[in-house]
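Keeping their order, the protein sequence lines are chains A and B.
Okay, so the first sequence: first residue is 1 according to our numbering, each after it adds one.
Okay, so the second sequence: first residue is 1 according to our numbering, each after it adds one.
Hints are not guaranteed to be accurate.
With a straight-line cut-off of 25 angstroms between C-alpha atoms, the simulated SDA-like cross-links for lysine to any residue are [as the list claims (entries may be wrong)]:
id, chain 1, residue 1, chain 2, residue 2
1, B, LYS215, A, LYS105
2, B, LYS215, A, LEU160
3, A, LYS105, B, LEU564
4, A, LYS83, B, LEU564
5, A, LYS83, B, ALA205
6, A, LYS105, B, ALA205
None of these hints come from the bench; they were simulated from the model.
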Amino acid sequence: MPRHIRPAIVLLAALTAITGVAYPLAVAGVAEVAFPAQANGSLILRGGKIVGSSLIGQNFASPRYFHGRPSATSAPDPADSSKTIDAPYNAANSSGANLGPTSQKLIDRVRGDAEAWRATAGPGSIPADAVTTSASGLDPDITPQNAGAQAAAIARARGLTEERLRALIAAQTERPLFGILGEPRVNVLGINLALDQLGSD
Amino acid sequence: MTLVGLAQIALVFALVLAAALPLGRYIAALFSDNPSEGLRFVAPVESALYRAAGVDPAREQDWLAYTLAMLAFSASGFVSLYAILRTQAWLPWNPRGFDNVPPDLAFNTAISFLTNTNWQAYSGETTMSHFSQMAGLAVHNFLSAATGIALALAVTRAFVRSSAATLGNFWVDMVRATLFLLLPLSFVVALAFVALGTPQTFAGAVDAATLEGAKQTIAIGPMASQEAIKQIGTNGGGFFNANSAHPFENPNAVSNALQIWAMLVVSTALPIAFGRMVGLPRQGYALLAAMGVLLIAGVLVVYGAETAGNPLFAQFGVDPAMGNMEGKEVRFGQAMSAMFVAVTTGLSCGAVNAMHAALTPLGGFVPLFLIQLGEVLPGGVGSGLYGMIVFAILSVFVAGLMVGRTPEFLGKKIEAREMKLAMLAILILPLVILGFSAVAAMLPAALASLANAGPHGLSEILYAYSSAAGNNGSAFAGLNANTPWFNVTTGIAMALGRFAYVVPVMAMAGSLVGKTRAAQSAGTFPTDGPLFVGLLVGVIVILGGLQFFPALALGPIVEQVLMLAGKTF
Chain A
1 MPRHIRPAIV
11 LLAALTAITG
21 VAYPLAVAGV
31 AEVAFPAQAN
41 GSLILRGGKI
51 VGSSLIGQNF
61 ASPRYFHGRP
71 SATSAPDPAD
81 SSKTIDAPYN
91 AANSSGANLG
101 PTSQKLIDRV
111 RGDAEAWRAT
121 AGPGSIPADA
131 VTTSASGLDP
141 DITPQNAGAQ
151 AAAIARARGL
161 TEERLRALIA
171 AQTERPLFGI
181 LGEPRVNVLG
191 INLALDQLGS
201 D
Chain B
1 MTLVGLAQIA
11 LVFALVLAAA
21 LPLGRYIAAL
31 FSDNPSEGLR
41 FVAPVESALY
51 RAAGVDPARE
61 QDWLAYTLAM
71 LAFSASGFVS
81 LYAILRTQAW
91 LPWNPRGFDN
101 VPPDLAFNTA
111 ISFLTNTNWQ
121 AYSGETTMSH
131 FSQMAGLAVH
141 NFLSAATGIA
151 LALAVTRAFV
161 RSSAATLGNF
171 WVDMVRATLF
181 LLLPLSFVVA
191 LAFVALGTPQ
201 TFAGAVDAAT
211 LEGAKQTIAI
221 GPMASQEAIK
231 QIGTNGGGFF
241 NANSAHPFEN
251 PNAVSNALQI
261 WAMLVVSTAL
271 PIAFGRMVGL
281 PRQGYALLAA
291 MGVLLIAGVL
301 VVYGAETAGN
311 PLFAQFGVDP
321 AMGNMEGKEV
331 RFGQAMSAMF
341 VAVTTGLSCG
351 AVNAMHAALT
361 PLGGFVPLFL
371 IQLGEVLPGG
381 VGSGLYGMIV
391 FAILSVFVAG
401 LMVGRTPEFL
411 GKKIEAREMK
421 LAMLAILILP
431 LVILGFSAVA
441 AMLPAALASL
451 ANAGPHGLSE
461 ILYAYSSAAG
471 NNGSAFAGLN
481 ANTPWFNVTT
491 GIAMALGRFA
501 YVVPVMAMAG
511 SLVGKTRAAQ
521 SAGTFPTDGP
531 LFVGLLVGVI
541 VILGGLQFFP
551 ALALGPIVEQ
561 VLMLAGKTF
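Construct the entire structure; sequences and hints are all you get.
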């Protein structure tokens with residue numbers, strides 16, 4: 001055993017320098033030159049201010065915007081740091097709900113979200129992604145069905161025709177690569193930015 | 001299930017095979033004679049490392065010296081990682097000013113990364129400084145994977161060599177696996193991840209003013225470099241809590257396919273390298289076929305169960321067409337989430353792109369069972385290959401009993417000593433998983449960690465110890481694992497799952513390498529045909545089933561029945 005101690009320590013130190021310092025620095029160096037936008041978080045600027053990242057979902061509550069999926073992220077309770085409070089789309093603390101399929105808490109939550117959905121979107125079957133929490137709590141996307149079901153209410157709130165909103169959804173829907181890889185999806189921040197660009201009818 | 005979904009799954013598997021064939025040949029060449037021509041410029045670095053470390057690369061080690069070198073290396077890795085985590089507040093690259101990691105969590109995390117488990121009792125974005133991530137955790141992503149590859153090579157040489165005493169040199173195998181295999185592959189894949197959207201910056205967080213005027217703090221960091229080795233080394237420890245479900249770690253469908261490809265490619269290449277090194281390429285393909293049959297079956301079961309969805313949602317008018325979307329991301333969809341779930345647990349990776357706790361009971365049964373089958377489908381880098389060799393030896397023993405001949409594998413006689421050592425290794429998994437689960441299921445301090453009642457609660461406990469002992473690292477994450485009880489016991493389970501497994505396997509390799517390699521005769525049971533593949537699959541499933549079925553029946557299986565009956569907890 002003692003004769004193994006020197007190689008263990010020397011190689012650990014040397015390989016730490018190579019894989020733990022030189023490697024990430026080299027990747028960062030190349031990335032900063034070749035892909036600066038992605039390397040810094042795919043940030044979106046509007047009027048010189050950062051309004052978010054195109055990859056990270058954000059919370060929308062206003063009836064004038066498309067809403068993302070329910071989010072299970074939390075934040076420390078400002079009143080008592082040993083507890084947490086709900087904080088949807090907290091991008092500094094990603095998390096899923098982790099409720100099992102037979103959890104009464106899950107069923108109650110889905111019931112509540114489904115009732116709230118019906119109140120704004122009206123009757124019709126509910127797209128599953130509209131009442132289920134995402135894995136990260138930061139899902140930037142919704143399905144085209146989900147966006148379509150929200151169109152009428154947003155059109156009313158903004159005084160737009162529903163046709164213009166449907167055209168916007170079609171334009172903002174990202175299709176699978178080569179028709180195979182991936183799922184059709186609508187980036188919520190992207191479509192809401194585009195909404196703000198639309199004039200009124 | 002849709003045709004497009006199945007086509008996506010087939011496409012990714014095809015891309016893995018297309019890369020694994022040449023990579024297998026490269027690995028066989030790398031560890032047989034001379035490093036590849038293309039990477040010659042690394043050779044001076046390699047010799048400088050040996051000189052500084054006082055290692056004579058030409059001097060080989062017997063099984064005991066090889067194992068002791070591996071243990072000494074792992075022990076120093078534990079000490080240094082524990083020290084980094086305990087002192088990160090005073091170290092550089094801590095832009096968000098995180099405190100030192102508490103002792104029980106640092107103990108758990110150090111063992112976790114050292115054993116290639118990457119169980120995460122912590123949440124990355126609220127606990128770990130950039131220095132801890134890079135110079136602490138990511139280093140062991142490389143070194144634990146390289147250690148696994150080295151051990152697999154030593155076991156391989158037990159069959160290559162006839163009447164020999166040594167199995168290679170641990171230091172040389174480990175350094176070569178790092179410098180010539182993992183590092184160049186990671187560098188290329190890391191840049192691909194950046195191109196696809198994964199950040200690589202030394203900032204700690206960005207503040208955004210959202211469209212509705214709220215402040216959103218977006219945690220960020222040097223993620224792409226870590227993401228690459230996390231997948232390639234089948235480590236699975238995410239930069240952030242949500243792991244590969246986080247949109248920064250895994251921004252879109254292409255990055256997701258790359259994640260699955262990267263975690264499979266080395267473990268798929270190793271059996272091919274094994275076949276070439278023992279001079280029987282068909283043997284490598286036979287092992288790969290057995291892994292493939294079980295893995296593809298696992299993918300299809302998860303895909304079927306998740307597209308069937310959760311029937312309890314139908315009463316609220318939720319459209320069943322999308323399947324179970326709880327705990328999944330829209331950009332991956334059901335097919336590529338299902339494939340990720342089965343692959344990450346058939347491997348001992350443990351990265352997740354969907355929350356396993358939110359899977360339907362049958363969908364959650366698959367990852368749990370794949371871990372309990374011993375992480376050989378195709379298993380962690382290195383550990384999957386030596387685990388599969390243990391099962392192959394068990395299979396020829398069963399075949400030998402049936403026909404009344406002394407079993408042989410690749411010309412080496414399998415006798416009482418080898419069988420005892422193989423069984424010793426295999427029994428560690430049920431001992432650790434069922435032992436700790438049984439205690440935790442009765443201990444109030446452990447039960448306080450559960451987030452779900454009923455059978456799902458038992459599944460959470462069972463999954464935690466399976467994941468730890470199998471060195472997987474994924475979780476039914478409702479369980480609050482960051483408590484002294486779980487930090488200490490899962491830490492012990494991870495250490496036993498790695499070291500108490502591999503020491504008997506190395507002893508077995510030591511005994512095999514000394515035997516003469518007999519020529520194949522007409523009476524030899526062929527181990528490279530469909531009959532053997534079928535036997536091997538049978539042995540893996542029956543052994544796993546006998547050991548774990550009673551526990552599984554009380555967890556996911558009964559939960560599936562209760563879900564269909566409309567019962568909630």
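Original post:
Does A/LYS105 pair with B/ALA205 here, judged by a C-alpha cut-off of 25 angstroms?
Top reply: violated, 33 angstroms
**OP:** Measure nothing beyond the straight line between the CA atoms of B/LYS215 and A/LYS105; if it is 25 angstroms or shorter, mark the hint as holding.
**Re:** violated, 29 angstroms
Subject >> A/LYS83 paired with B/ALA205 [C-alpha distance capped at 25 angstroms] >> reply: Given pair A/LYS83, B/ALA205 holds - Cα atoms ~23 angstroms apart, limit 25 angstroms.
Subject >> Pair hint outcome, B/LYS215 versus A/LEU160 [Cα-Cα no greater than 25 angstroms] >> reply: Roughly 29 angstroms between the alpha carbons, so the hint for B/LYS215 and A/LEU160 is violated.
Original post:
Are the Cα positions of A/LYS83 and B/LEU564 separated by 25 angstroms at most?
Top reply: violated, 35 angstroms
**OP:** Compare the distance between the alpha carbons of A/LYS105 and B/LEU564 with 25 angstroms, and conclude whether the hinted pair is satisfied.
**Re:** Satisfied, since the Cα-Cα distance of roughly 18 angstroms is no more than 25 angstroms.
Violation of the numbered hints given earlier is confined to hints 1, 2, 4 and 6; the remaining hints are satisfied by the structure.
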